[in-house]
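Here the structure of chain L is known, so what remains is to put chain B in place on it, guided by the hints.
Protein chains in written order, with my numbering: chain L, 1 to 365; chain B, 1001 to 1652.
Mixed in with the good hints there might be a few duds.
Under the rule of at most 20 Å between Cα atoms (straight-line distance), these lysine to aspartate or glutamate pairs were calculated in the EDC-like manner [claimed, not checked]:
| no. | chain 1 | residue 1 | chain 2 | residue 2 |
| --- | --- | --- | --- | --- |
| 1 | B | Lys-1137 | B | Asp-1097 |
| 2 | L | Lys-183 | B | Glu-1142 |
| 3 | B | Lys-1169 | B | Glu-1188 |
| 4 | B | Lys-1200 | B | Glu-1188 |
| 5 | B | Lys-1200 | B | Glu-1170 |
| 6 | B | Lys-1443 | B | Glu-1433 |
| 7 | L | Lys-183 | B | Glu-1015 |
| 8 | B | Lys-1159 | B | Glu-1188 |
| 9 | B | Lys-1159 | B | Glu-1130 |
| 10 | L | Lys-183 | B | Glu-1014 |
| 11 | L | Lys-131 | B | Asp-1293 |
| 12 | B | Lys-1120 | B | Glu-1157 |
| 13 | B | Lys-1094 | B | Glu-1130 |
| 14 | L | Lys-183 | B | Glu-1018 |
| 15 | B | Lys-1106 | B | Asp-1165 |
| 16 | B | Lys-1486 | B | Asp-1420 |
| 17 | L | Lys-131 | B | Asp-1140 |
| 18 | B | Lys-1137 | B | Asp-1293 |
Not the full set, but computed from the structure, chain B residues with beta-carbon under 10 Å of chain L [as the list claims (entries may be wrong)]:
| no. | residue |
| --- | --- |
| 19 | Leu-1021 |
| 20 | Arg-1058 |
| 21 | Ile-1351 |
Just so you know, the hints here were simulated from the structure itself, not pulled from any lab data. Note that the coordinates shown come from a computational prediction; the quantities given were computed from them, not determined experimentally. The beta carbon of each residue, even a glycine, is placed where N, CA and C say it ideally should be.
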Amino acid sequence: MKTPLIKLIWQRIKEPLDGWLMLFLGLIFAVSMVLLYSANNQSFDKIDNKLIYTMMALTVMWLIARMRPQSVMNFAPPIYVIGVLLLIAVHFKGITVNGSTRWLSLGVTRIQPSEILKIALPMMLAWFFQKYELSLRWWHYLVAAGLMLVPVALVLKQPDLGTALLIAAAGFFVLFFAGLPWKVIFSGIVLAGASMPLVWNHLHDYQRKRVLTLIDPTTDPLGTGYHIIQSMIAIGSGGPWGKGWLNGTQTHLDYIPERTTDFIFAVYSEEFGLIGNLVLLVLYLLVISRALMITASAQTLYGRLMAASITMSFFVYAFVNMGMVSGILPVVGVPLPFMSYGGTATVTLFIGMGMLMGISNLRRN
Amino acid sequence: MRRPNRFKNPQNDEEQFELRLIIAYGLIILLFLTLLARFVWLQVLQHDHFSTLAQNNRISLVPILPNRGLILDRNGIVLAQNYSAYTLELTPSKIPDLAATIAKLKTLADVTPRDEKLFKKLLGDSKNFEAVPLKVKLTDQEAARVAANAWQLPGVEVKARLFRDYPYKEMTSHVLGYIGRINQKDKERLDDEDKTTNYKGTNYIGKTGLEAVYEDDLHGQVGFEEVETDSGGRAVRSLRRTPPVNGNTLKLALDIRLQEMADKLFGQRRGALVAIDPSTGGVLAFLSKPGFDPSLFIDGIDSQTWSALNTDWQKPLINRALRGTYPPGSTFKPFMAMAALMTHSIGLRDIRPAPGYFTLPGSSHQFRDSKKQGNGMVNLQRAITVSSDTFFYKLAWDMGIDKIHPVVGSFGLGSKTGIDLDGEASGILPSKEWKEKRFARYKPEVRRWYPADVVSVGIGQGFNAYTPLQMANATAIMANNGQVFKPHLVQQIVDSKSGEARLIEPKPVRQLPYPQEYFDYIKEGMHGVMISGTGARVGVGLQYSMAGKTGTAQVVAIKQGAKYNAAALAEQYRDHSWFIAFAPVEKPKIAVAIIVENAGFGAAAAAPVARGLFDFYLLGKVPKDLDGLLKTVPQENGDAAATGEQNENAAD
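Isolated chain L (complex conformation) (with noise of 0.2 Å):
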């Protein structure tokens, strides 16, 4: 029997997306546009560009799902020589914005090489454990450890904590699930906590001032605290019902700062309520669920450090946005996952996803 040519086609464009997850994602992206048209005051601009760069990223998932992990895999070393060279040239010829360094001019337009690390250090460590994976000794830990703090110490120069963190999260994810021993981790917390005063006195003002308005927000209301107040104040009005979409009073007053992009999530939870963060954070918890499950059936040791790297981050993502946006976490620029306005995170997103169904694709039985 003759397989007809559309069928084969269709075949092999289906192939590489995972279903289960692209109905998840399809969900969460319905519920982002939905909710962008309020955040932005109705209006279609950056519902255009956002359909736009998602459908760019959608093309680059969809070109990385193809591919096989192992093809990807190496380009590992490359890109994250690259990654790095860039956060070097950042150093010396970055561009500052609010006192941070963390641009690059490309002409036309501007990138910001941290971005890239998010996925390249990933990357970089399961390449790196899948070479040695069969020779593995404790120093190449201690490698593992150097390859991940070149380029959070560069991002932490920059400064930009938030970024430098979940770099560092998602380097050690892999760490942790290649094996890394739980004495070396329980170590690691024990000494990361004694030495939490030295780490407080090389912050910056604004990274303190941060962590101190999360603990009172009220001690600066128009400053740092603002944000927490007013983003608390959106949350806590919308109830367990919300108040409806578009009628977000302090959305559409202003009140939310950054309400398209980081603190997306106020302008939804007032909107929506309790019932519409249930909903949000069951569609995430299915989204980890699903590549968890592509995780735990990765062929491969690159496969599942990487499943499992991009999948803890997307879990990261979406924990400290909610948890600093509802006022249990400090101030960071995190990005709610494929809620938050903005083309780079999303392409980085997508990219992880993308990988993810292409490992998804090459699971074992």
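Same frame as chain L, but now just chain B:
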């Protein structure tokens, strides 16, 4: 191709991986549950709290100020009004460099050093985020220049504001008082009286006079606009508007044309005049000279002007009509007469001697009469007319203070009249108890009431001290045969909303229980003053019947045997000139009490003022030659016939 590895065991490795995956998943669920708990706390448990906060965020109340009520005289002539003018206001919290901003503003508007000084003072009293005026009443050009440069002057605003204006300035300052910026003390009081809300956005409040007494009526009700605001405080849209209720209009009993005439008649002299309509208690004229320009106080007075006003020897800030207490001199005699009649100390037809002097039994001290040779044998009525001191010395001595006090007191002397002005002085109507209390900290011999004390009291000297208002009130009661009204300045309060006039009822407070024939008798004595008595010169050519009583209040005691010589005394030690009067006698329309400070005999200075005033009020006559009128009576003590109360001496 796998080689065994001491460190790693692939099988082990995968188990380890799966274990860690499960741990991670557990952690993820746990952390999501933490988030959920947080959401429940915020959105369910704290929902009400945050809803309130969101509501407060969103809606701000913008006060809309009511226009302050007008003050009109009895004929509807405006005495206090509002006009709109530009003010230059600075909000310190929005200004990065205050000094530089002021320097810049000086190039745009005429900011005087006085403006600047005042601004600094107001700045000290205000909060940082409040707008403080730097200069009021900008010209159109100044306002335009500042507006054109507004872009480089953050925190600077030109606002149209309503200002209070008193067209009659000094002439009404002691009646109307003035409004001024709300200070900390006012704020505390408003807070105590629970009126803070109604003063949102209000800068001014009545400080003295009617402006203060009728503050609640004049101020009105602040309106509010509920405005939805964004995070920058900018109004997005108006949700609801509660319009302000403008202040009520006060319609006074005062006749400003009469007041104006009184002011003219006074000229540059100091003193006070109160004219009352005896049939209602309405105050027709209320003058305290000199006055001051109330507009000096409206935006806060600078210390120079303040100390100049305060140290002025003429004391323009003192409301003499309300707070000045003076011995009434012989104007006391008609009330003394009523006391004598009521206590049967003398009969209507009793005739007694009025010699040139009076000596206390067992004493060599001579109380002299103003008329050296005395007035011969007179009855009480004639004693009033000629103002015989010796007659009243003897009468007082015979009566004693206990008989004088209650009857004189019933005319309101020595107690507050209850006029609608704050700060009224109660004066002194002496009594044994009063002296005991007044000198409580002194030795018993000082505290004790001596029978001789009553002698000088009997002719309105000694411890007697009354305000011109009290004297006018007492005169009105006398004129009206004992009907007591509460003197009042405000006659009607016209509701700004309904236009309805609330009448201040001219109901008599009480009726003095004295026989009509006594009133007639005393009034006839006073009528005689204008015909053949001490006021005869002033009474020449009267076209209506007028009753009066002259008085001279001693400022310094004259030593025994010394002769009063006004010319030899510094002006401020010369006697005060008193006059009380009412007209027409048959049906009094106006009663007046006048004191001209340091002007000598009552007939000399105060009485002509009353005559001019009555002519104007009753006949509409405007004296053509005011100076001439004042010169119709001698200013010095040469004419004994016309001036009956020369050298009224207090007991030493």
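**Report entry** Indices of hints not satisfied (ascending)
**Finding:** 1, 2, 3, 5, 8, 11, 15, 17 and 21
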